[in-house]
Amino acid sequence: MPGEPIVAPATIQPEGTLAQRILAGDPSAEEDLVNAYSRGVFVIAVARIRDRDAARDLVQEVFIAVLKALRKGQLRESDKLTAFVQGTARNLINNYLRARANCAECELDLEAYGSDPVEELESLERQRLVRRELETLSFTDQQILLLSLVDGHSLTEVAQKLNLSHDAVRARKSRVVRKITKKFARMSQK
Amino acid sequence: MECQELHQGELAEKYLNGQLDPATQDDFEVHILECARCLNRVEAMQTLREELSRRTHQIRNTS
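Here the protein sequences line up with chains F and B, keeping their order. Counted the way my numbering counts, the first sequence spans residues 2 to 191. Counted the way my numbering counts, the second sequence spans residues 131 to 193.
Hint data in this document are derived by calculation from the structure and do not stem from the laboratory. A portion of the hints provided could be inaccurate.
Stretches of chain F that chain B covers, calculated by requiring three or more beta carbons in the stretch to come under 8 Å of a beta carbon on chain B [stated by the list, open to error]: (1) 85-98; (2) 138-144; (3) 167-175.
Per label pair, the in silico range of CB-to-CB distance [stated by the list, open to error]: (4) F:Glu78 x B:His187: 22 to 28 Å; (5) B:Glu180 x F:Thr157: 20 to 26 Å; (6) F:Ser155 x B:Thr186: 15 to 21 Å; (7) F:Gly26 x B:Arg190: 52 to 58 Å; (8) F:Glu78 x B:Arg190: 47 to 53 Å; (9) B:Arg184 x F:Glu78: 41 to 47 Å; (10) F:Ala102 x B:His187: 26 to 32 Å; (11) B:Ala153 x F:Gly26: 32 to 38 Å.
Calculated pairs, DSS-like style, for lysine-lysine (alpha carbon to alpha carbon, straight line, at most 25 Å) [unchecked claim]: (12) F:Lys184 x B:Lys144; (13) F:Lys180 x B:Lys144; (14) F:Lys162 x B:Lys144; (15) F:Lys69 x F:Lys81; (16) B:Lys144 x F:Lys69.
What you are looking at is a predicted structure, and each value in this text was computed from that prediction instead of being measured. Backbone N, C-alpha and C fix where the C-beta goes; we use that ideal spot for every residue, glycine too.
Okay, chain B solo, but in the shape it has when bound (with noise of 0.2 Å):
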């Protein structure tokens, strides 16, 4: 699996929904295992995600 790849194909974000299929899930975390720079991308956003998913009501009742 190839950084473009992930990159390009937002395969990040759908790994973090749960909407890859099993096998490339399994592609996917062996190379998250393997490349710091993809770890550090997924860990980005999946901390992006829990903090933002605790501000859910002060976002939206601002709006």
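Just chain F, same shape as in the assembly (with noise of 0.2 Å):
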């Protein structure tokens, strides 16, 4: 995306590497892994539950069963890190979504794994963000945004909602998630 800040990538170093060095039995591999990867699994996890504090809890449930399971030399291919990361927070998410629709009236019990409170400080930042570009938007921005993003609707559905052209909408919708996503780009560099 042309003119976005470039960002450091989500992993710090080789997975082969980063792997190794926690089976080699180094602390500050494990931390190096929590802060690779922690943000995104936050973020999967809020998409599949859409509940942040229950996500905030499975993160950390995320990470103990990955860090065991690392410590022990249980990913043989050790490249394949991401995906094994990845692999372990869909199990433990849709473990966590059978549990819940099987007893709705059940709290899991997660609240013993404590969150990472700068992480948790960070997501508030960026929903404070996104708070106060949304009282800057034009009402038609937050209406093409409500109607495209919550709704569902097509961009084709939207402009003949609000009689706009297709491109109109495209392009507004379009600055908004860009503008946004810079700043959270700029954030998560500090």
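Using the hints, put the two chains back together into the complex; each one sits in its own frame.
Shown next, in the form of structure tokens:
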């Protein structure tokens, strides 16, 4: 995407190296793993569960499971670390969703795992940023985003509803998403 | 999965709407764990959607 700040990749070193360092008992490697993947795992959990509090707890559970497996050398192909983290997250999230569906009144015992306060603060800061951005948007832009992102209408449908051209709707929506994405990138670089 | 494909194909939006098949969803998630730019984009859309959902009545009632 032209014009966007260049951001460091989520993984700060080759996956194989990180997995091997954890297997060798290097505690700083475990911290590197969490730093590299925690935000992404949180976004995945929120997308799948749609509950930020439960997602925050599940992130902790994912890293406990990943680290246990890596310490035991259960990752056979160390260059597949990212896929391993994603697979572990997906399985634990699915377990959580099944348990929630089977026992709507039961709370899962996830309280034992404390969440990362820094990650939590950054997440809240990103929410505040989006709120501020929304306040500055025109009413039409807010309608475009609501109809598109929340109601799930296509750009063509949004254009018809608001009596705008398809290109205008696409450009206005894209501008807002790009602006917030850039600001998120700057925040994650700090 | 290429970044270009993500942007052109609106995969991020389909992902957040739960409209991807399981294999594509897995590939997409592996990609955003490795690509900070795409992660920022997905999180921006995710947070926007949450905040807009909170304001749904306000926005609709103004129209």
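**Report entry** Structure-inconsistent hints, enumerated in ascending order
**Finding:** Violated hints: 3, 4 and 16; rest satisfied.
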